[in-house]
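Enquirer: Sequence:
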Amino acid sequence: MTTETKRAADRPAEGGAEPHPTILETSGVTLRFGGLTSLDHVDLAMRRGEILAIIGPNGAGKTSLFNSLTGAYLPQEGAITYRPRAGGEEELRGRKPFRVSRLGLARTFQNIRLFGALTALENVKIAVETRQRTDAVSIMLGLPHARRAERDSDRRAHEVMRFVGLEHRINELAASLSYGEQRRLEIARALATEPELLLLDEPAAGTNPTEKHDLEELIRRINTELGVSVLLIEHDMRLVMSVADRVAVLNFGRKIAEGTPGQVQRDPAVIEAYLGASDEEEAEAVADLVADLDAEHADDPEWRGGDRAAEGRSNDGEERP
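Numbering follows the UniProt record's numbering, with no gaps: position 245 of the sequence shown is 245.
Just so you know, these hints were derived from the structure itself, not from any lab.
Certain hints may be false.
[Stated by the list, open to error] Straight-line Cα separation of at most 20 angstroms, SDA-like style, residue types lysine to any residue; simulated pairs:
(1) Lys96 x Pro195
(2) Lys212 x Val243
(3) Lys212 x Asp236
(4) Lys96 x Ile126
(5) Lys212 x Tyr179
(6) Lys212 x Arg162
(7) Lys212 x Asp245
(8) Lys212 x Asn111
(9) Lys96 x Thr63
(10) Lys96 x Tyr73
(11) Lys96 x Pro84
Using the sequences and the hints, build the whole thing.
Expert: Listed below in structure tokens is the structure:
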């Protein structure tokens with residue numbers, strides 16, 4: 001899809017009706033595993049055309065949310081509403097993953113899931129063919145519409161590979177690609193299903209700085225050139241703050257903050273979730289520690305004082321000269 005196609009898709013529908021500004025909405029989504037609550041009444045509204053990042057400490061429920069959105073998990077409570085560009089509303093809760101994909105959602109995984117023994121091109125063609133209606137008998141008999149579908153899938157797969165910058169690797173086995181290339185190949189496979197909403201689960205995990213920069217550019221291009229809304233889970237805060245329009249923060253299964261990257265960075269609840277204590281609590285803890293050290297060394301003439309000792313150390317704990 002070209003940039004012009006993207007703009008056309010975002011124009012008002014015939015009859016002057018504006019497309020719904022929200023593409024995905026969760027209301028009260030709750031997921032439990034026995035006595036463990038992974039998601040606790042999560043409310044989230046994602047606007048069409050935006051890049052929304054979901055962040056939070058390990059175990060916050062981010063991947064559980066993705067699994068609930070895409071049909072891998074069935075939440076016990078709540079609603080998940082998807083609004084395709086064609087109009088109407090679809091309830092995703094309880095849908096099978098392949099049906100969710102056909103509605104226009106695609107995802108990547110935290111742990112790369114490629115067919116290592118197939119070529120890069122074959123991995124992408126498999127995804128393209130999920131959108132085709134050719135049956136096995138037509139393929140075996142070599143009927144005209146089956147041959148036409150094969151040519152179309154080959155063309156589409158080449159287009160997607162070129163878009164992600166892997167056109168020179170199409171005949172390489174997926175397992176032989178570098179880690180960063182495998183990440184891009186997985187994104188290519190997701191794009192081959194022609195999604196309206198792309199869910200990326202830690203796409204920068206394990207990549208080097210150059211690969212992260214390339215990924216950052218790719219995410220922007222997916223959003224602006226293809227007109228695909230992007231829901232992103234990521235631990236690399238530099239990447240999140242550079243590409244996300246908005247950020248939502250989960251902690252222990254609850255949404256604790258939402259806003260622009262700048263607003264979230266300054267939110268006390270977010271600081272507490274990541275550092276384990278608010279700034280005020282952290283200052284009080286340091287003051288208590290200094291007082292204890294001073295009392296412990298009260299009779300030591302060589303003791304310079306807890307605060308002075310702390311000043312004499314760098315951030316990595318080594319003595320300054």
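Enquirer: Does each hint fit the structure? Answer for all of them.
Expert: Cross-check of the supplied hints:
| no. | hint | result |
| --- | --- | --- |
| 1 | Lys96 x Pro195 | holds, 16 angstroms |
| 2 | Lys212 x Val243 | holds, 12 angstroms |
| 3 | Lys212 x Asp236 | holds, 9 angstroms |
| 4 | Lys96 x Ile126 | holds, 19 angstroms |
| 5 | Lys212 x Tyr179 | holds, 12 angstroms |
| 6 | Lys212 x Arg162 | holds, 19 angstroms |
| 7 | Lys212 x Asp245 | holds, 18 angstroms |
| 8 | Lys212 x Asn111 | holds, 17 angstroms |
| 9 | Lys96 x Thr63 | holds, 17 angstroms |
| 10 | Lys96 x Tyr73 | holds, 9 angstroms |
| 11 | Lys96 x Pro84 | holds, 17 angstroms |
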